[in-house]
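J.: In case you want the letters, here they are:
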Amino acid sequence: MTVGLEHYLVLSAILFALGLFGVIARRNLLVIYMCLELMLNAANLALVAFSRFTDNLHGQVFVFFVITVAAAEVAVGLALIVALYRKRQTAHVEELTTMKL
Amino acid sequence: MSLPDILFYVFAAFAVLCGLLIVVNRNPVTSAMFLVLTIGSLAALFVLLNAFFLAAIQVLVYAGAVMVLFVFVIMLLDLKAEQRRKIKVFGVVGGLVSVGTILAIFVRSVLQTRPGAEPAAVTATGDTMSLGKMLFTQYLLPFEIVSVLLLVAMVGVILLSKKELK
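So the sequence lines, in the order shown, correspond to chains A and B. Throughout the first sequence, residue numbering follows our numbering, covering 1 to 101 in sequence. Throughout the second sequence, residue numbering follows our numbering, covering 1001 to 1166 in sequence.
One chain only, chain A, in its complex shape:
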């Protein structure tokens, strides 16, 4: 069976689901962040596959922007985590419930 668009889409769905499971089940801020990155990568894979199988480059330009924004997001998010850790000495989401009464 030759590999077509649907193979890539199913792989992307599996990776996205793994990332979502990590975000929901894990309780460590950093691991949650890594799982978010995994979800972003799964979406990127789907975009590149669409771009290949419709024979144009717009999808790849979009992935370029996604990677750039993801890099900025990681930098800001990790700085926030470090600032939070400095104040509360924990990176565990169940102990970071200041906004909850």
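If you're looking for bench data, these hints aren't it; they were derived computationally from the structure. The reader is advised that the hints may include incorrect statements.
Distance windows between CB atoms, simulated [as the list claims (entries may be wrong)]:
1. A:T97 <-> B:V1024: 20 to 30 Å
2. B:V1068 <-> A:R86: 18 to 28 Å
3. A:T2 <-> B:L1141: 21 to 31 Å
4. B:G1132 <-> A:M99: 38 to 48 Å
5. A:T98 <-> B:T1128: 44 to 54 Å
6. A:A83 <-> B:L1141: 44 to 54 Å
7. B:L1111 <-> A:T97: 19 to 29 Å
8. A:A83 <-> B:G1094: 25 to 35 Å
A short, non-exhaustive set of chain A residues, derived as facing chain B with CB atoms under 10 Å [what the hints assert, rightly or not]:
9. L5
10. V10
11. L15
12. G19
13. F21
14. Y33
15. A49
16. R52
17. F65
18. A71
19. L78
20. I81
21. Q89
22. M99
Ideal Cβ placement from N, Cα and C applies to all residues, glycine included.
Starting from the known structure of chain A, arrange chain B on it as the hints suggest.
T.: Same frame as chain A, but now just chain B:
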């Protein structure tokens, strides 16, 4: 089965395996290393999809810069206590339910539409020149906006990392 198909299956299996190990691993450093491996196999899949520039960017930006940042922060925080914690049953059950639902939706929609299998005569390859031409003509405004976004992120990170905010 031709060579690219075999390579697809190899790298897809590797990506899924490493993705699973990110989620189930107790040690954040090991998770980060498996995320690097996942990103590397995704870069290989990008090459199979003719997206050569993006494969290079994926390795440089993700596996290089982003993961170094991750490992740096993991080393900065002391996460020894994290490994002794139990994983909550409620989280696992909720995660499995939501993941099963979303996976069922995805796979069902893919199987129902059956998107075109043959890439009839591919002409567009994502090499640096063609992507660069698009970035500097058609996508010039988003490109400039992204550069401003990176500047804003840089200033924000410096502000956030200062010892005390005045």
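J.: A separate judgement is required for each hint: does it hold in the structure or not?
T.: To see whether the hints hold, each was checked on the structure:
1. A:T97 <-> B:V1024: 20 to 30 Å: With Cβ atoms ~26 Å apart, the hint holds.
2. B:V1068 <-> A:R86: 18 to 28 Å: holds (21 Å)
3. A:T2 <-> B:L1141: 21 to 31 Å: violated (39 Å)
4. B:G1132 <-> A:M99: 38 to 48 Å: At 45 Å between Cβs, range holds.
5. A:T98 <-> B:T1128: 44 to 54 Å: holds (47 Å)
6. A:A83 <-> B:L1141: 44 to 54 Å: Since the Cβ atoms of A:A83 and B:L1141 sit about 33 Å apart, the hinted range of 44 to 54 Å is violated.
7. B:L1111 <-> A:T97: 19 to 29 Å: violated (41 Å)
8. A:A83 <-> B:G1094: 25 to 35 Å: holds (29 Å)
9. L5: holds (4 Å)
10. V10: holds (6 Å)
11. L15: The hint holds - A:L15 has a Cβ within 10 Å of chain B, the shortest such distance being about 5 Å.
12. G19: holds (7 Å)
13. F21: holds (4 Å)
14. Y33: holds (8 Å)
15. A49: holds (6 Å)
16. R52: Where the cut-off is 10 Å and the nearest Cβ of chain B is about 4 Å from A:R52, the hint holds.
17. F65: holds (6 Å)
18. A71: holds (6 Å)
19. L78: holds (5 Å)
20. I81: Holds. Min distance 6 Å.
21. Q89: holds (9 Å)
22. M99: violated (18 Å)
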